[in-house]
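> Each chain, written out:
Protein chains: 4
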Amino acid sequence: MHMEDMVKAPALAVDELTRRLSAEFPEVWNGQSGLAIEKVWWGGCQLRQAFRAQFLRPGATISGATIMALGDYAVYVALLATIGWEPLAVTTSLNVNFLRKPGRADLLADCNLIKIGRRLVVGEVAIRQEVDAGPVAHLTSTYSVPPQR
Amino acid sequence: MHMEDMVKAPALAVDELTRRLSAEFPEVWNGQSGLAIEKVWWGGCQLRQAFRAQFLRPGATISGATIMALGDYAVYVALLATIGWEPLAVTTSLNVNFLRKPGRADLLADCNLIKIGRRLVVGEVAIRQEVDAGPVAHLTSTYSVPPQR
Amino acid sequence: MHMEDMVKAPALAVDELTRRLSAEFPEVWNGQSGLAIEKVWWGGCQLRQAFRAQFLRPGATISGATIMALGDYAVYVALLATIGWEPLAVTTSLNVNFLRKPGRADLLADCNLIKIGRRLVVGEVAIRQEVDAGPVAHLTSTYSVPPQR
Amino acid sequence: MHMEDMVKAPALAVDELTRRLSAEFPEVWNGQSGLAIEKVWWGGCQLRQAFRAQFLRPGATISGATIMALGDYAVYVALLATIGWEPLAVTTSLNVNFLRKPGRADLLADCNLIKIGRRLVVGEVAIRQEVDAGPVAHLTSTYSVPPQR
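So the protein sequences, as listed, match chains C, Y, R and S. Here the numbering used here = 1-based position in the first sequence + 9. Here the numbering used here = 1-based position in the second sequence + 9. Here the numbering used here = 1-based position in the third sequence + 9. Here the numbering used here = 1-based position in the fourth sequence + 9.
Isolated chain C, as found in the complex (with noise of 0.2 Å):
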């Protein structure tokens, strides 16, 4: 095996994402809120949400302001695994299509990675909930990763 050919491990593992999470972000990293990180990869992740009453809308969906928070924190997760821990990266811009109405179900969010540079992340998401009938929503977000000191 080449050395080119090896998958390059995450930079930081789930459960040490979730401990540093915690401790950084508690406002949305809890007990509580039903966030929680599947997988990652190095470019990549999966996160869950689960389904809450409190993020239903007008005609008994999830609302798309639950699903655009998905998409952003699952960039986000992606971005530590990939290039490690910068907790102050921050989005500049997101685009969100909504595709489908989700039903009462937790929320799956798929992300890679599609640009690793040294000033911008940018992420890629399909948001689908386990009964595949096709994705709920399709996001992309981009990042801006703080100049190094």
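Fair warning: there could be bad hints in the mix.
Copies of the same chain look alike in the list, so a pair counts if it works inside one copy or between any two.
[Stated by the list, open to error] Simulated pairs of lysine-lysine, DSS-like, Cα-Cα distance not exceeding 30 Å:
{"no.": "1", "residue 1": "K17", "residue 2": "K124"}
{"no.": "2", "residue 1": "K110", "residue 2": "K17"}
{"no.": "3", "residue 1": "K17", "residue 2": "K48"}
Treat the hints as calculated values from the structure; they're not laboratory data. Quick caveat: nothing in here was measured; it's all calculated off a predicted structure.
Based on these hints, arrange chains Y, R and S on the given structure of chain C.
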């Protein structure tokens, strides 16, 4: 004064909108969320999201998720104030540029609808804080209006 | 083999699409533009934009305008190949992330439709060059389908 | 008059910008394209794209590609007029909402920069026609400024 010079009144006034939204969308429109309608007009609205520590993220700044939700709700309220009570209108797409790091203060969202169609409504939102140092974010969102019965 | 396992044929094949587009949209689909349909399938397509010096911009790279146009045409072709000949379908919104600086070579656009509705169609496009060093750009575009008579 | 009330002059005036762009970016800035800078100011500009039959698409309307290109060029020109001659600045992302079907007439693009950072510049563009029936399109675009040597 000609008929065409008369400014149209909003379809629903602040108090009526707040009452209906609290009944229809209590997850977001309630006494504790800190979200309030400041003004509505035909074609737009202004919302306020009071500062809450729960909205912070690493870097002691308000999260992108909070800002995106506020912008999306602003377009929804502007739509209701303009075309009338269509609570099942749903976001089809949203784009946001984050421009400046917000401080620990309330957010104001000024929304103007830039397209009012039979099927699609598009709103533009400037999100700022009262200490005016330029907008914190700029957002556009498209809503789909359910077909009339 | 069950009915539901059969892959649907595209509504229009490459030759028929090219013929119709050359008649209906000659400004773009003609012998000189270098734009060609490589493949279509139900739900997607691949286009090629041949390199032309007229597409360059400062930095000796292909302009964003060229890339955006290609992505938008890809969603249009995928829409026609999937729902049939609806040439009056129009773009309602488009979002693009430019990821890598393209070189002086052809561009390939791989499009898959991520939503096929009665009123709106959403396509996702990866734009790359054959020397595969990661995608040059990622784009999503939403088209509105005219109401049926 | 206080120093802070003085309006900054643009870094480059119309004639100088046009001269430099014609030399540096002749593919787009030349005598035949019909693209012209109408005005520049510190923080913005107005461009005109003259009507050309080559920009039409099915439905006898101006193509989205033409409109997107105009909007992208407007942000580029506004950037140059504000931060000075940085021709290697490149678009990192762009989002456009198409609002009304344009007629067979010139397009005007009014651009204002909504963020002027050291690394990123964000512009907002309203694209309209002189027969004012509301904007034809609304666009935002982010440019990356090359690091200073």
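> Give me the numbers of the hints this structure contradicts, sorted from smallest to largest.
none
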